[in-house]
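Required output: the full structure, derived from the provided sequences and hints.
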Amino acid sequence: MSRTVQLLRYYEKYRHHNLYITYVYKLYNLHMTYNNQIEAARALLLYANTLSWNDTELDESLIARRLNRHCAVERQLKDSLLCEAADLFAEGEMWEDAIKILKELLPVYEIAYVDYDKLASLMVRIAELYRKIDRENRAFFYYYLVAFYGKGFPSYLNGISFVFRSDKLERHADFMQRMQQIYGNPEAIMSMDDCSHLKNSPGRYMQVFNVDPIPTTCPFNDAHVNPAIKDYYRHYNIRDFEYSRVEERKGTKWTSVKDSELMRTWIVKRTVVTYERLPGILRSTQIVSTSPPIYVNPLRRSVDQMQKKNTELMETALLVLLNRTHAVKKLSGEILGVVRPAVMGGVSNYEVFFSDECSRIYDSEEKQLAMHLSALIIEQVEILEFCLYAHATRTEITKQFHDHLVEGFYEHKQYERHFGVVEWKTLQ
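Everything in the sequence shown is counted per the UniProt record's numbering, starting at 1 for the first residue and increasing by one.
These are calculated hints, taken from the structure and not from any lab test. A few of these clues could be false.
Unchecked claim - Below are the DSSO-like pairs computed for lysine-lysine, each with C-alpha atoms no more than 27 Å apart in a straight line: (1) LYS118 with LYS230; (2) LYS269 with LYS367; (3) LYS100 with LYS230; (4) LYS309 with LYS330; (5) LYS103 with LYS230; (6) LYS132 with LYS258; (7) LYS253 with LYS269; (8) LYS367 with LYS309; (9) LYS168 with LYS132; (10) LYS269 with LYS230; (11) LYS100 with LYS26; (12) LYS330 with LYS253; (13) LYS309 with LYS230; (14) LYS118 with LYS132; (15) LYS367 with LYS168; (16) LYS168 with LYS269; (17) LYS413 with LYS367; (18) LYS269 with LYS329; (19) LYS413 with LYS308; (20) LYS168 with LYS308; (21) LYS258 with LYS103; (22) LYS13 with LYS26.
Structure (C-alpha cells):
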C-alpha cells in the first residue's frame, strides 16, 4: 500500500488528476479488502476534497471507468463519497470524525438541496453518534514502533522506523507475529535499544515495541467532563508518541538518602514525531524525528505516577456515575488498591521525599516538585471520597465490601494528613 500512496502523491504533485483519482480508488479498495474502515474513509476524503458543491459535470473519463458512482455532477458524487466516509468512520468507532463530515452536509441538505427529510435523518444520525461517544465503551488500538534493519530488506526499509496502529486491543505478541508474517519472518528484536549498527548486517531484523500516544490538546479541560468524550483526543489524530524504559541507578544523591528500589529507579524516556497523524491514509507512518533521552528521577517519577493515579480514579468514578452500563468492578479494585495497598506500600513509599535528609538535597525545581507531590497526595483523599460516593450508587455491590472500603478510606485519610503537615515543615 505504501507504494500506492507514493504514486498517488506523485500524481497529485504533478497534477495528473485522472491518475490521482485512479490510485485513490486503488488505495480505497485495498483498505476495504483488509477491513481497514478508517483508512478507507480517509482515502474517500482525498477524492471528495477535489470536488465542489456545484453542478459541474463529471469528467467523461471518470464515467467511462465507472468511478462516478452513478453520479452525473460533482455535488452528487461529493455527497455520496462523504456519506460513505462517515459510515466507515462510524464502523471504525471514530465517531467524532463521522460527526464532522455529517455536519458539513447539514447546510447542503438545508440550503442547497432544501431536502428537510434528509436533513432530519442526518440530524438523527448525528444525535446517535453523540450518544455513542457518551455511553458506549470504545475499544481502542495500540501503537507500535517498528524498525527495519539489515541488507536483506530493500533500501527504502533498511534503517527506517515507523509507527503502526494495531488492530483493536492487539497485544504485542500478536502484533509481532502478524508483522513477521507480512515481512517474511525477519529476526525479532525485543529491546528498545538503538539497533542502527544492524543496518550493514546481511540479515533481516525487525524491532517492535509499544509506544504511547501523546494526546492532542483537548478542548474540554473540565475534570468533570465525561472521560469517554476525552478519549478521542488521547487515541486519534496523533503525531507525537513516547516510549520509556526503567533504569536502575546506584550512587546518586537519591540513594544517598535511602538505598531503596524507589530511590534507585529512574525512567529513560524518548519521544518520536511521525510524518503524518495516525490513523491516516495508511496504518503506518514514518518517524521523522526522535528526541534525545529524557531522564526522569525518582521524585519526578513519583509525581507522574501520583498524577496518573488521581486521574484514573477520578475518571473511573465519573464513568460509573455517568454510564449505568459501565461495570463498577474496576472502580472497586482501584479504590481497594489505594486504601489497602498491602505489600506495595502505597503512598507511604513517598514519605522519604518529605524527610529532612531529602529536603537538603533538593534544588529549587525539586523543592517545587515535592510540594506538588504533597498536594497530589492531599487531593487524592478528596478524589477517593468522590469515588466512594460513586461506588455507593451501584446496587450490585455488597454493603459489607463497601463498608470495608470506607473503613480503609478513613485510615488512609488520617495518614494522608501527615503529608500536609510535613509539607510545610520540611519545604518552606
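The hints, checked one at a time:
1. LYS118 with LYS230: violated (30 Å)
2. LYS269 with LYS367: holds (22 Å)
3. LYS100 with LYS230: Cα-Cα ~16 Å, so holds.
4. LYS309 with LYS330: holds (13 Å)
5. LYS103 with LYS230: holds (20 Å)
6. LYS132 with LYS258: violated (50 Å)
7. LYS253 with LYS269: holds (20 Å)
8. LYS367 with LYS309: holds (21 Å)
9. LYS168 with LYS132: holds (17 Å)
10. LYS269 with LYS230: Judged against 27 Å, a Cα distance of about 24 Å means the pair holds.
11. LYS100 with LYS26: Answer holds: LYS100 to LYS26 is near 25 Å, not above 27 Å.
12. LYS330 with LYS253: violated (38 Å)
13. LYS309 with LYS230: Given that 27 Å is the threshold and the Cα spacing comes to 17 Å, the pair holds.
14. LYS118 with LYS132: Within the cut-off at roughly 21 Å; holds.
15. LYS367 with LYS168: Given that 27 Å is the threshold and the Cα spacing comes to 42 Å, the pair is violated.
16. LYS168 with LYS269: It holds: about 25 Å lies between the C-alpha atoms, which stays within 27 Å.
17. LYS413 with LYS367: Cα-Cα ~24 Å, so holds.
18. LYS269 with LYS329: Outside the cut-off at roughly 32 Å; violated.
19. LYS413 with LYS308: At roughly 19 Å apart (the allowed maximum being 27 Å), LYS308 and LYS413 satisfy the hint.
20. LYS168 with LYS308: The given pair, whose Cα atoms are some 23 Å apart, holds under the 27 Å limit.
21. LYS258 with LYS103: Status violated; Cα separation ~59 Å.
22. LYS13 with LYS26: holds (18 Å)
Of the numbered hints stated above, those contradicted by the structure are hints 1, 6, 12, 15, 18 and 21, listed in ascending order.
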